[in-house]
Structure formats: C-alpha cells, structure tokens
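Chains as they are written, first to last, in this note's numbering: chain A, 1 to 285; chain B, 1001 to 1274.
Note that these hints are calculated values from the structure, not bench results.
These numbers come from a predicted model, not from an experiment.
Beta carbons are placed, not taken as given, at the ideal position from N, Cα and C, and that holds for glycine.
Heads up, some of the hints might be wrong.
[Claimed, not checked] Partner residues aside, some chain A positions facing chain B, computed with beta carbon under 7 Å:
#1 GLY151
#2 ILE244
#3 SER246
[What the hints assert, rightly or not] Cβ pair distances, simulated, as ranges:
#4 B:VAL1068 / A:THR40: 50 to 58 Å
#5 A:ARG29 / B:GLN1243: 52 to 60 Å
#6 A:ARG29 / B:SER1033: 26 to 34 Å
#7 B:ARG1094 / A:ARG29: 21 to 29 Å
#8 A:ALA58 / B:VAL1036: 43 to 51 Å
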Amino acid sequence: MSVQLEPRPPSLTVGPAPRRRTPSHNLTRTSGIGLGLTMTWFSLLVLIPLAAVVATAAAGGPDGFGRPVTNEQTAAAIRITVLAAFSVTLVNVVMGTMIAWVLVRDRFPGKALLELVIDVPFALPTIVAGLVLLSLYGNDSPLGLELANTGWSIYLAFLFVTLPFVVRMVQPVLEELDQEVEEAAASLGASRLTTFRRIVLPALAPAIAAGAALSFARAVGEYGSLVLLSGNLPFESEVTSVRILSAIENDNRATAAAIATLLLVISLLVIVVLDVVQRRVARRG
Amino acid sequence: MAERTRPAPGPTTYVLRVLVITYLVLLVIWPVSLVVTNTFANGDEALRSILEDPDLVDALRLTAVAAVVATAINTVFGVTVSLLLVRTVFPGKRILSALMDLPLSVSPIVVGLALVLVYGGRNGWFGPTLEGAGLQVIFSTPGIIMATAFVSLPLVIREVVPVLQELGDEQEQAARSLGASGRQTFWRITLPSIKWAVVYGVVLTLARSLGEFGAVKVVSGNVLGETRTATLAVEEKYLNFDQEGAYAIAFLLASVSVLAIVVVSLLRSREAHR
C-alpha cells in the first residue's frame, strides 16, 4: 500500500551544473490549470477545515490547549486511547509480520482465502465492524468471552480495524526479498532465528515501522467500531474521539477543537514518519 | 522466476501457520460469519422487511448517492494529482505528496468537526455566506458528500502513482513528438496504461465511501428520511433493540464491501497471470 512519490531514483536525477539554475517548475498551461483546480479543492476540503480546527483551539489562548487535559474525564480518555493504541500497535508489529510471512513463504490450501480476510477490516464499514465483533464477544458470547462494555472491547476493536496495515506494508517487501541470502546464511551455519534477526528483519524494518505508524494513527482516532461495542463508560472504555463528539454535541467547540488538535498532531507525526521511511526505502531501491 | 525446490517445512512453519490461522479465525472469520447467520436466522424475512421500509430505502439511496458522487470527485481529483506528482516538477511538491496521505490518518470525528467549523451554517467560517447564497452544506447532502470524499481521498492516488512511476514517460514523449496534443496523449496513451490502477482505486474508494460513519454522523444531523445514511441506520436500529434490522443492514453493507475486495483481488490475480 505504500506510495513512493519520488519521480525516479535519486541516482538518475543528476545534479545541475553549479551555475545553471534548475527551473522551479515544468508545468504546461494545462497542467498549471490542473494544479490550480486540484489545489483549490484540496484546500477547501482538507487544508482549510483542518486549519480551522487548530485556529479554533488556538483562539482559546494557551489555556485552551491545556483545558481538555486538565478535565479529568478527557485526560483519562486520552490515556486509555493512547495506551490501547500503543499496545495494539505492538501486537500488530508481531502478528502482522507473522501473517505477512505466512502469506508469502508458506503454502497450504485455503491461503487465498486468508489473503481476502486481511482486507475485510479495511473495507467493512466501521459500525458494521463493531456489530461483527459484538456477535462473537458481546452478551451470550459463543466463546464465553463477554468483552462488550469493558475496557478490553477497545483493544479488540483496535486490533480488528488495524489488522491490514502492517501486513500490507510488509508483504510486498518480503516478496521482493532474495531468499538466496537467507539460504547462504543458513548454509554458513546460522540458525533460523539468527538468519531472521540479522538478514530478514533489517530489510523489513522500514515497512514494519510504516505499518506501525499507520496502525497507531488509525487506532488513536477510531470511533465507529466502538459505538456499539465499548459502551463509552467514562474512565473505563471511553476513547478520545467520543470525548470530541460529546463536546461537539454540547456545542463546546473550543474544547472539541483542542482535543482534535491533539489528535491532528499525532496524525501529522505519522505522516512525517511515513515520508521519511518511504524516502529511505526509495533511496535504497 | 523458476520455482526452487524448497526444503521440507520445519516445525516453526507449522506453528506459525496454526497461530496465524487461529488469530484470523477469532478476529475476523468467525465474527463475520456470525453476522451472516444472524441475518438469516429467520430466513430472508429480516432482509425483506428492510427493503420494504421507506425510511431505510431513503437511507440506502442517500448512502449510494453520496458514495457515487464522492467516488467520481475523488477519481478525477486522484488521477489529476497523480499525474502532477509523477510527471511534473513544482515547488512544494514533496509537502503536497505527504499531505495527500493525511486523510488516512485523521480521525473521522475530527474530519466532521473540521467541516462543521468551516461550513457550519450558524458560525462557520464560510457557512453563513454560503447559506446566504442558498447552499446549505452541514446537516445536508453536500456536507455528507464532502465528509465521504475527505475520508476516501488518497485511495485512487495510492493505486495510480506507483503504476505511473513504473510506466515511465517514454511512450508519452514519443506520442507528443509525433504530433499528438496533450489531450490525445492522455486519452490514447496514458489512460489505457493506468486503466487497472484507476479501476482498483475506484472500487476501494467506493467501498470506503459506502461505509463512512463517524465523519458523516457529525455533519449529517441524522434527519430521518433526509440526512440519515445506511451506517447511521445500523446504529439507530441497534440502539432501539431492533437487532435483527441492524444485522440485516449490516449484512447488506458488508456484502457490498466484501464483494468489492473480491472484485479487486480477482482483477489483480488475472492481471498478474498475464
């Protein structure tokens, strides 16, 4: 799923002679108009609204940003969300890499089905995801695991909606990886664990990091899958986005914007991580 | 590449295989199949009663309209932006390409809040002006379309950009040197070669758009028969103890999105075999 927006490997973009200035753009008239139109739409849809969130939060002064965190219930919600998102991301790093490994290297009947299953959480509407999890982990759970309306429901929902991210980042890298290097390591006496740790893992690390970043961002902002599942009990199963929504519903925009700004900062950090990681991968390739 | 004869799988392989299958069964396969069985617990009665309820038919129609319009906008936008990002050079391009991923990592509730702050009719930045001109955005269909377009914005770009990069621009340059205009080059050379990437992007965008919940909930106001989408109806049915109805709508939505994945993976494997 990774996007590499580098037009070509840097080795091909031969630097200009020191004196000659590179033109700052090569837009034709049509592509200039295209750029103008798409930027206008992107600004109206994404940039201006997100700026409005930050501006509304900033209008409350420096106290404005602090206020949500001093509210005990909101602080608890943020703590719960970040802790759950972090733990789930760790699980995804391990499970996601394992799933990718099985999908690429193992071979057994029904593997194609697993391949489909990975994408289901991404395509399923979030509210339906909540309902789906309720059917197995809600009241009268066939497994006897009644996790609905407890703190654990958050972990469950996060695990479900973030399942594809690490898998889909790692899988293509693993497919490209040359198995001969591993075989050479093994023939030189390296154990399977050493081979994995010294040869495979370093190659997969950027993809794992990118997947982990996406999965953390998705979990921190998750809302839909929790609506029916978590019961939104304050100090127990209430997450950050639910706090934002209740601030909006009470027409308390400054508070809503302040909490939202906190989430936006996390989203921006994730974008930076993705950008850095993808550039490093592109450079190596 | 020729198939290499592999060494017999060791015990680790089996342990991993069992672990992964168990995890996926518990997290995805079993719960999803329960939704199917719950929907058809009383035969097709639940599904039929959904399709006979005029309010729900309205909700399904609104969901379909919002998703189709948002997908159309994102397709045109996505193809244009991908071409600009891959084929042209302009200042600020790197920041722009990074920002394009932003909608994927922003919370749906934040998306809704952001749109309300700018387009809200009472005290949004542009809202009162637009409403003065007769265009209500928030608590109305345009707002639902914008929220839907926001959350599914990067999906076409993510499919098209890598294909464009791999393609290179030699064919386009050849066409141009033979006298083709920019438009002819796009329709005859570029578009046919990125056709499948665009199709994948469209299918994914459509699936994501049909299912948007959080952002739509904030901007819609949930007016029965007017701004209630199918996903909002699932929540309402469930909270009103109409579990059967909730499962039936959920089943409809889930089948569309699962169908979308199946289509994409079939197209993909067909192309890979070529």
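Now for the hints, and whether the structure bears them out:
1. Interface hint status for A:GLY151: violated, as the beta-carbon distance to the closest one in chain B is roughly 18 Å, over 7 Å.
2. Taking 7 Å as the C-beta cut-off, the interface hint given for A:ILE244 holds, the closest approach to chain B being about 5 Å.
3. With its C-beta approaching chain B no nearer than about 10 Å, A:SER246 sits outside the 7 Å limit, and its interface hint is violated.
4. For B:VAL1068 paired with A:THR40, a C-beta distance near 22 Å fails the hint of 50 to 58 Å.
5. Our hint of 52 to 60 Å for A:ARG29 and B:GLN1243 holds, since their Cβ atoms are close to 59 Å apart.
6. The hinted window of 26 to 34 Å between A:ARG29 and B:SER1033 is violated, with their beta carbons roughly 56 Å apart.
7. Taking the beta carbon of each, B:ARG1094 and A:ARG29 are about 24 Å apart, inside 21 to 29 Å as hinted.
8. Taking 43 to 51 Å as the suggested C-beta distance range, the pair A:ALA58 and B:VAL1036 conforms, at roughly 49 Å.
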